[in-house]
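Based on the provided sequences and hints, a complete structural model is requested.
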Amino acid sequence: MNENAIDATAIDPMGISSSATSVAAAYCLQLGDDALIYAQRLGEWISRAPQIEEDMALGNVGLDLLGQARVLLTRAGELDGTGRSEDDLAYLRDEREFHNVHLVEQERSDFGFEMARMLWFSAYQCELYAALATSSDETIAGVAAKAVKEVDYHRDHASQWVLRLGDGTSASHARMQESLERVAPHVAELFEDDSVSVAAAEAGVGTLPSSLWDSAFGHVSRVVAQATLTLPAGSTWHSRGGRNGIHSRPMGYLLAEMQHIARSHPGATW
Amino acid sequence: MSTPALKGNSPERSWPLWEVFVRGKRGLSHVHVGSLHAPDAEMALRNGRDVYTRRQEGVSLWVVRSTDITASSPDERDSFFDPAADKVYRHPTFYDVPEDIEYL
Chain A
1 MNENAIDATA IDPMGISSSA TSVAAAYCLQ LGDDALIYAQ RLGEWISRAP
51 QIEEDMALGN VGLDLLGQAR VLLTRAGELD GTGRSEDDLA YLRDEREFHN
101 VHLVEQERSD FGFEMARMLW FSAYQCELYA ALATSSDETI AGVAAKAVKE
151 VDYHRDHASQ WVLRLGDGTS ASHARMQESL ERVAPHVAEL FEDDSVSVAA
201 AEAGVGTLPS SLWDSAFGHV SRVVAQATLT LPAGSTWHSR GGRNGIHSRP
251 MGYLLAEMQH IARSHPGATW
Chain B
1001 MSTPALKGNS PERSWPLWEV FVRGKRGLSH VHVGSLHAPD AEMALRNGRD
1051 VYTRRQEGVS LWVVRSTDIT ASSPDERDSF FDPAADKVYR HPTFYDVPED
1101 IEYL
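Sequence lines, in order, name chains A and B.
For the record, in the first sequence the residue sitting at position 226 is 226 according to the working numbering, with numbers rising by one throughout.
So the working numbering is basically just the index in the second sequence, starting at one, shifted up by 1000.
I should point out that these hints are in silico values taken from the structure, not numbers from a laboratory.
Since the structure is predicted, the reported quantities are computational estimates derived from the model, not experimental observations.
Backbone N, C-alpha and C define an ideal beta-carbon position, used for all residues, glycine too.
Do not take every clue at face value.
Unchecked claim - A short list of chain A residues far from chain B (calculated; beta carbon distances all over 12 Å): (1) R70; (2) E86; (3) H260.
As the list claims (entries may be wrong) - The calculated label-pair distances, taken between Cβ atoms and stated as ranges, are: (4) B:L1028 to A:G67: 22 to 30 Å; (5) B:R1055 to A:R96: 34 to 42 Å; (6) A:T269 to B:Q1056: 25 to 33 Å; (7) B:Q1056 to A:S221: 29 to 37 Å; (8) B:R1055 to A:E44: 19 to 27 Å; (9) A:R48 to B:G1024: 28 to 36 Å; (10) B:R1055 to A:D156: 17 to 25 Å.
Said to hold, decoys possible - Listing some non-contacts, in silico: residues in chain A with all C-beta distances to chain B over 12 Å: (11) G59; (12) R84; (13) A141; (14) A145; (15) H157; (16) R164; (17) Q177; (18) E178; (19) E181; (20) E189; (21) R222; (22) N244; (23) I261.
Below is the structure:
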């Protein structure tokens, strides 16, 4: 047992070794999983949004995220030495092998909840990709430079709706406020310094999630205040474990739906 | 007895209609591409972006409330448009264009 092997268990329970390459692989994987799982959730809105125009808007956001996930997962498969393709990683991993945060796997609820979730997630992604544009990994830097414009639009879309629903009727205000409170327990996990992000930041590949908090929180709190809403003071509990593959109940159902075609018909192509 | 949902005088539940104009590139005019629903002008612009510029169709967008457009009526078509039919001298076809002039 050399020192690296011992480090590896600390960094990733899946047993990936701790060289710079595999740190980058694990980092790409968890960023890619966030994008992939949220894309899957947003896809559920097609035909269920308040208007067909909003079907399109949420579908577009989902497709942007799917595009980011494809690049990041492909890169993860290249770097981790297993040679897995983006499809292998998306469709053939089990729940415990996904490293996304709990926020993105939560069930689709009402439109207000989706806008509250998108506001937080896109505020986080805006700061994340802005920081990653200088990543030492060219693929990460590339996807970040392109994605920063995409997520800027997602953040704008969510902000516009939170403003309208919060500062709308008394019914929309109450439901938007309730949505902020339902999302709140899942926010802290996004900004927690997990071991992979810490190692990736040290290697110059990634950035510390905690370093993104001030700007992301600043944006969300400005929108919330302008929308005449109140950010929940603090939650009695916080989700955690997503980065280590520990997920909440909705995740298994999401994967079943996302993966069943690929698993029922192995190797099928269009 | 009608059901409550079908009673008259209920406020219009759906969003107002907007006409969308896209400019394909600098120097071209905005061209009408279609319409959509949106609660207000800002959201109409964003919906227009999502619905009509997904494939890089444009560099600029206009949205106009459909009710703000005054349109000519089909009934007036004859008096509006037919008188132009026999006035060929309004077309610039009576000039000889010198050969070495481009873009004319």
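Going through the hints against the structure:
R70 (chain A), annotated as away from the interface, keeps every beta carbon of chain B farther than 12 Å; the closest lies near 18 Å. For E86 (chain A), the non-interface assignment is confirmed: its Cβ lies about 22 Å from the closest Cβ of chain B, beyond the 12 Å cut-off. With a least beta-carbon separation of about 28 Å from chain B, H260 (chain A) lies farther than 12 Å from that chain, consistent with its non-interface assignment. For L1028 (chain B) paired with G67 (chain A), a C-beta distance near 29 Å keeps the hint of 22 to 30 Å intact.
Here the CB-CB span from R1055 (chain B) to R96 (chain A) is close to 39 Å, well matched to the stated 34 to 42 Å. Between T269 (chain A) and Q1056 (chain B) the CB atoms are about 28 Å apart, so this pair conforms to the stated range of 25 to 33 Å. A hinted range of 29 to 37 Å holds for the C-beta pair Q1056 (chain B) and S221 (chain A), which are about 35 Å apart. The supplied range of 19 to 27 Å is met by R1055 (chain B) and E44 (chain A), whose beta-carbon atoms lie about 24 Å from each other.
Between R48 (chain A) and G1024 (chain B) the Cβ separation comes to about 33 Å, which falls inside the hinted range of 28 to 36 Å. Range check, R1055 (chain B) to D156 (chain A): Cβ separation about 21 Å, and the 17 to 25 Å hint holds. Under the 12 Å C-beta cut-off, the non-interface status given to G59 (chain A) relative to chain B is violated; the minimum distance is some 8 Å. Every CB of chain B lies more than 12 Å from the CB of R84 (chain A), the least distance being 31 Å, so the non-interface label holds.
With a least beta-carbon separation of about 24 Å from chain B, A141 (chain A) lies farther than 12 Å from that chain, consistent with its non-interface assignment. With 12 Å as the threshold on Cβ separation, the claim that A145 (chain A) sits away from chain B holds: the shortest Cβ distance comes to roughly 18 Å. Interface exclusion of H157 (chain A) from chain B breaks down, the closest Cβ pair being 6 Å apart, not more than 12 Å. With a least beta-carbon separation of about 7 Å from chain B, R164 (chain A) fails to lie farther than 12 Å from that chain, contradicting its non-interface assignment.
Consistency note on Q177 (chain A): stated as away from chain B, and its beta-carbon is indeed over 12 Å from all of that chain's, at 20 Å minimum. Every Cβ of chain B is farther than 12 Å from the Cβ of E178 (chain A); the closest lies at roughly 21 Å, confirming the non-interface assignment. Taking the minimum C-beta to C-beta distance to chain B, about 24 Å, the non-interface status of E181 (chain A) holds against the 12 Å cut. Non-interface call for E189 (chain A) relative to chain B: holds, since the shortest CB-CB distance, roughly 29 Å, exceeds 12 Å.
Residue-level check passed: R222 (chain A) sits 17 Å from the nearest beta carbon of chain B, beyond 12 Å. With a cut of 12 Å on Cβ distances, N244 (chain A) stays outside the contact zone with chain B, its closest approach being about 36 Å. Against the 12 Å criterion, I261 (chain A) stays outside the reach of chain B, whose nearest CB is about 25 Å from its own CB.
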